[in-house]
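Sequence lines, in order, name chains A and B.
Counting in the numbering used here, the first sequence runs from 22 upward without gaps.
Counting in the numbering used here, the second sequence runs from 22 upward without gaps.
Check before you lean on any hint, since a few could be wrong.
What the hints assert, rightly or not - Mimicking BS3-like on lysine-lysine, the simulated pairs with C-alpha atoms at most 27 Å apart in a straight line are:
1. B/233 to A/45
2. B/342 to B/233
3. A/168 to B/302
4. A/115 to B/134
5. A/134 to A/337
6. A/70 to B/45
7. A/168 to B/233
8. B/115 to A/70
9. B/245 to B/211
10. B/302 to B/359
11. A/337 to A/233
12. A/70 to B/70
13. B/70 to A/45
14. A/245 to A/215
15. B/359 to A/134
16. A/168 to A/70
17. B/115 to A/115
18. B/45 to A/168
19. A/134 to A/45
20. A/115 to B/70
21. B/115 to A/134
22. A/70 to A/215
23. A/168 to B/359
Just so you know, the hints here were simulated from the structure itself, not pulled from any lab data.
2 protein chains.
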Amino acid sequence: MSLIVQKYGGTSVGTPERIRNVAKRILETQQAGHQVVAVVSAMSGVTNKLIELAAAVTGEEADPTEREMDVLLSTGEQTTIALTAMCLNSMGSKAVSLTGAQAGITTDGVHTKARISTISPEEVHRLLDDGNIVILAGFQGQTPDGKITTLGRGGSDLTAIAMAAAIDADLCQIYTDVDGVYTCDPRVVKDAQKIDEISYDEMLEMASSGTKVMQSRSVEFAKKFGVVFQVRSSLNNNPGTTVREETMSMESVVIRGVSLEREQAKVTITSVGDQPGTAGKIFGAISDANINVDMIVQNVSVSKCDTTDISFTVHKNDIAKAEAALAPVLSEIGDGVKVEARDGIAKLSVVGIGMKSHSGVAAEMFAALSSAGVNIEMISTSEIKITVTVAEDQIEEAANVVHSAFNLAQ
Amino acid sequence: MSLIVQKYGGTSVGTPERIRNVAKRILETQQAGHQVVAVVSAMSGVTNKLIELAAAVTGEEADPTEREMDVLLSTGEQTTIALTAMCLNSMGSKAVSLTGAQAGITTDGVHTKARISTISPEEVHRLLDDGNIVILAGFQGQTPDGKITTLGRGGSDLTAIAMAAAIDADLCQIYTDVDGVYTCDPRVVKDAQKIDEISYDEMLEMASSGTKVMQSRSVEFAKKFGVVFQVRSSLNNNPGTTVREETMSMESVVIRGVSLEREQAKVTITSVGDQPGTAGKIFGAISDANINVDMIVQNVSVSKCDTTDISFTVHKNDIAKAEAALAPVLSEIGDGVKVEARDGIAKLSVVGIGMKSHSGVAAEMFAALSSAGVNIEMISTSEIKITVTVAEDQIEEAANVVHSAFNLAQ
Numbered sequence: 022m023s024l025i026v027q028k029y030g031g032t033s034v035g036t037p038e039r040i041r042n043v044a045k046r047i048l049e050t051q052q053a054g055h056q057v058v059a060v061v062s063a064m065s066g067v068t069n070k071l072i073e074l075a076a077a078v079t080g081e082e083a084d085p086t087e088r089e090m091d092v093l094l095s096t097g098e099q100t101t102i103a104l105t106a107m108c109l110n111s112m113g114s115k116a117v118s119l120t121g122a123q124a125g126i127t128t129d130g131v132h133t134k135a136r137i138s139t140i141s142p143e144e145v146h147r148l149l150d151d152g153n154i155v156i157l158a159g160f161q162g163q164t165p166d167g168k169i170t171t172l173g174r175g176g177s178d179l180t181a182i183a184m185a186a187a188i189d190a191d192l193c194q195i196y197t198d199v200d201g202v203y204t205c206d207p208r209v210v211k212d213a214q215k216i217d218e219i220s221y222d223e224m225l226e227m228a229s230s231g232t233k234v235m236q237s238r239s240v241e242f243a244k245k246f247g248v249v250f251q252v253r254s255s256l257n258n259n260p261g262t263t264v265r266e267e268t269m270s271m272e273s274v275v276i277r278g279v280s281l282e283r284e285q286a287k288v289t290i291t292s293v294g295d296q297p298g299t300a301g302k303i304f305g306a307i308s309d310a311n312i313n314v315d316m317i318v319q320n321v322s323v324s325k326c327d328t329t330d331i332s333f334t335v336h337k338n339d340i341a342k343a344e345a346a347l348a349p350v351l352s353e354i355g356d357g358v359k360v361e362a363r364d365g366i367a368k369l370s371v372v373g374i375g376m377k378s379h380s381g382v383a384a385e386m387f388a389a390l391s392s393a394g395v396n397i398e399m400i401s402t403s404e405i406k407i408t409v410t411v412a413e414d415q416i417e418e419a420a421n422v423v424h425s426a427f428n429l430a431q
Numbered sequence: 022m023s024l025i026v027q028k029y030g031g032t033s034v035g036t037p038e039r040i041r042n043v044a045k046r047i048l049e050t051q052q053a054g055h056q057v058v059a060v061v062s063a064m065s066g067v068t069n070k071l072i073e074l075a076a077a078v079t080g081e082e083a084d085p086t087e088r089e090m091d092v093l094l095s096t097g098e099q100t101t102i103a104l105t106a107m108c109l110n111s112m113g114s115k116a117v118s119l120t121g122a123q124a125g126i127t128t129d130g131v132h133t134k135a136r137i138s139t140i141s142p143e144e145v146h147r148l149l150d151d152g153n154i155v156i157l158a159g160f161q162g163q164t165p166d167g168k169i170t171t172l173g174r175g176g177s178d179l180t181a182i183a184m185a186a187a188i189d190a191d192l193c194q195i196y197t198d199v200d201g202v203y204t205c206d207p208r209v210v211k212d213a214q215k216i217d218e219i220s221y222d223e224m225l226e227m228a229s230s231g232t233k234v235m236q237s238r239s240v241e242f243a244k245k246f247g248v249v250f251q252v253r254s255s256l257n258n259n260p261g262t263t264v265r266e267e268t269m270s271m272e273s274v275v276i277r278g279v280s281l282e283r284e285q286a287k288v289t290i291t292s293v294g295d296q297p298g299t300a301g302k303i304f305g306a307i308s309d310a311n312i313n314v315d316m317i318v319q320n321v322s323v324s325k326c327d328t329t330d331i332s333f334t335v336h337k338n339d340i341a342k343a344e345a346a347l348a349p350v351l352s353e354i355g356d357g358v359k360v361e362a363r364d365g366i367a368k369l370s371v372v373g374i375g376m377k378s379h380s381g382v383a384a385e386m387f388a389a390l391s392s393a394g395v396n397i398e399m400i401s402t403s404e405i406k407i408t409v410t411v412a413e414d415q416i417e418e419a420a421n422v423v424h425s426a427f428n429l430a431q
């Protein structure tokens, strides 16, 4: 008998019929001899309706208070746990719902994006030992003094991973509407393959470079606590992708996958004086404006003029915000400093822990792109990832040629 | 400065616009110098939608489990408290929402119709002392071991009355869609008057004889704990009806009001053997079938045949159920016993604590009915109420003539 945590997202529980299907799957898991904790999200659409109601009562004069948004939004998951548990009951199964608070999930007090501080799993264990299936509300918890909190984006995945760690589950299954993680987006690369096993670090790098199966936050949590999890489809019985600590066999694969991200823009600050503190000022201003920066590239000037260019990428919708944020600091960082921003670019990354022990990966990637006539604009690397930017209208061709160069279709 | 508990029903908070109006009224109460706890119900329609969802996931094979129905239905009130509190926040006011559990409302474990066992008002006091308006979810509580419960019909009124008792509020205001309690239904008696003050006992007798402004349960609770409350409209600023312990001045009014209940049926069991235990068997069978019985009339026979007739009233929709329930006991209670059931009757009651010290009330009522040609079929009396049944097509005429006879329009 194994102890299994399953997580079903909003689409999987989006209608009464789908809730019945999810209940059947949960029941089959129990009938196969396992103990099951199932984490469920709000039915798809419900959260948006609640947000609309909040906007309607608060009007345009103010954002809804975050404390009350949490009280409001947490009703979405609470509705789903009750429906799922009573559905299982109607099938003759012992099942009990728990809110985040009832399940002992304690968080800090940062409403709408709280962090889990502790989980007291006694009640979950007691219910499981008593033969129950436990249906647990994702995305929510409570502060030590009893305030309702929500965990922010990707919160239900986090609930599943964290509860799996707290109850020492044998396996955590994240059910979603895709079959798992692919070597590349199958809409772009037709012969992309589902990946059977991937390491936490690779999963993190894939997520950070555009493959949004899960939020990085949940993967980081799983890595920290050694929670093995599967990403798999709730629409079929395919085994999905298992995410775990890297193994020797994983390292024999040099490149695990190729990921891409469109709608990027490159912002370049030219003629920056080469003094300590300059980068801090630039990215402090960007960060204060809540803009997500991704690649940052700087080359210290080797010419006589003692200035350099700093470039970074942002989402193209953030260009105006970035320019506005930078305007006040330009004069501080040197005379003649200018900002140039341009969209129409995309990022392409190859990811694999195997590249740590293989040289020549970058060269092979660049050669493949070159042979296809794709110009590389920026390059950035980590231990297990190489990212380049290319013209957005060449990204699909670039992805295919790189995917082929590393034989990922096999 | 007074401490005021207000309660707003589902219609009063049925749309975002109405929630804004309720918030304004709450805010005005605070700005008049009072501390306010506002109990709110689920937005009208929401509870029915949740019940439909429950039916959809459980199918026809089983009723939804009551534990999970409570988890489900309690989301309705939780949604309203968050919306109301954030609405007040957007108006610049300090307001905080509390679920039943957060407000310290502890109940027994009888799901879907739990009874309040204790209220720990520390958190409510702390928030009030800190300058907050407290928005409290009606209809819900939790068991000592943390299960979510709901209080059943009239539960939000009960929450308001019970919290008013627990925090020793100066006043409890039950906002509804009528102006208060009337001397008779204004749709039937055109010159019916709003009653300014009524005693708990009169309110209870009015409720039990068809004037359904509030469930008897909440009035009983208020009487037990001496909670003075007003029933008033959320659509205007009329003072409403105050319900409290009887006073000397109340007794000077002989009759407080006239109430009526239609769609009744009379069930008569004829030729019942006059032996101990007979009535117990009859009403045991009726009670086991969950049928509400109201008036019961029996006259012990004075003739030689040693049998009697027992009559009682039920709602006309319960006739078939009552006959089915009685069938098995008929042979036990005597030979030739028969059941006769007939609908088309209505009940008319006069209520007033003043009748305790005034004789002749019954005679005056019967004379009035007689003068209008209304035949009386059954009579039943309590200390402060006289109820008769009449033909349903004469009930409006009967109500008007009795209302006039006691000068209730003045």
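How the hints compare with the structure:
Using a Cα cut-off of 27 Å, the hinted pair residue 233 of chain B and residue 45 of chain A is violated, with the two alpha carbons roughly 44 Å apart. As the CA atoms of residue 342 of chain B and residue 233 of chain B are separated by approximately 24 Å, the hinted pair is consistent with the 27 Å bound. Straight-line distance between C-alpha atoms of residue 168 of chain A and residue 302 of chain B comes to about 53 Å, which puts the hinted pair past the 27 Å bound. For the proposed pair residue 115 of chain A and residue 134 of chain B, the alpha carbon gap of about 22 Å is at most 27 Å, so the pair holds.
Distance check on the hinted pair: residue 134 of chain A and residue 337 of chain A sit about 25 Å apart at the alpha-carbon level, within 27 Å; holds. Proposed proximity of residue 70 of chain A and residue 45 of chain B is supported: the alpha carbons are some 24 Å apart, at most 27 Å. Restraint check for residue 168 of chain A and residue 233 of chain B: not satisfied, since their Cα atoms lie roughly 37 Å apart, outside the 27 Å limit. Annotation: proposed proximity of residue 115 of chain B to residue 70 of chain A holds, straight-line Cα distance about 25 Å (limit 27 Å).
Simply put, residue 245 of chain B and residue 211 of chain B have alpha-carbon atoms about 34 Å apart, too far for the 27 Å limit, and the pair is violated. With a C-alpha separation of about 15 Å, the suggested pairing of residue 302 of chain B with residue 359 of chain B holds against the 27 Å cut-off. Simply put, residue 337 of chain A and residue 233 of chain A have alpha-carbon atoms about 18 Å apart, close enough for the 27 Å limit, and the pair holds. Taken as a hint, the residue 70 of chain A and residue 70 of chain B pair is honoured in the structure, with Cα atoms around 14 Å apart against an allowance of 27 Å.
Using a Cα cut-off of 27 Å, the hinted pair residue 70 of chain B and residue 45 of chain A holds, with the two alpha carbons roughly 24 Å apart. Distance check on the hinted pair: residue 245 of chain A and residue 215 of chain A sit about 25 Å apart at the alpha-carbon level, within 27 Å; holds. For the proposed pair residue 359 of chain B and residue 134 of chain A, the alpha carbon gap of about 70 Å is over 27 Å, so the pair is violated. For the given pair, residue 168 of chain A sits about 23 Å from residue 70 of chain A by alpha-carbon distance, which is consistent with the 27 Å threshold.
Pair hint residue 115 of chain B plus residue 115 of chain A does not hold up; C-alpha atoms about 43 Å apart against a cutoff of 27 Å. Between the alpha carbons of residue 45 of chain B and residue 168 of chain A the distance comes to roughly 25 Å, so the proposed pair stays at or under 27 Å and holds. With a C-alpha separation of about 32 Å, the suggested pairing of residue 134 of chain A with residue 45 of chain A is violated against the 27 Å cut-off. With a CA separation close to 25 Å, the supplied pair residue 115 of chain A and residue 70 of chain B stays within the 27 Å bound.
With a C-alpha separation of about 22 Å, the suggested pairing of residue 115 of chain B with residue 134 of chain A holds against the 27 Å cut-off. Of the pairs offered as hints, the one joining residue 70 of chain A and residue 215 of chain A is violated, with about 35 Å between alpha carbons and a cut-off of 27 Å exceeded. A threshold of 27 Å between alpha carbons decides the hint, and for residue 168 of chain A with residue 359 of chain B the separation of about 62 Å lies outside it, so the pair is violated.
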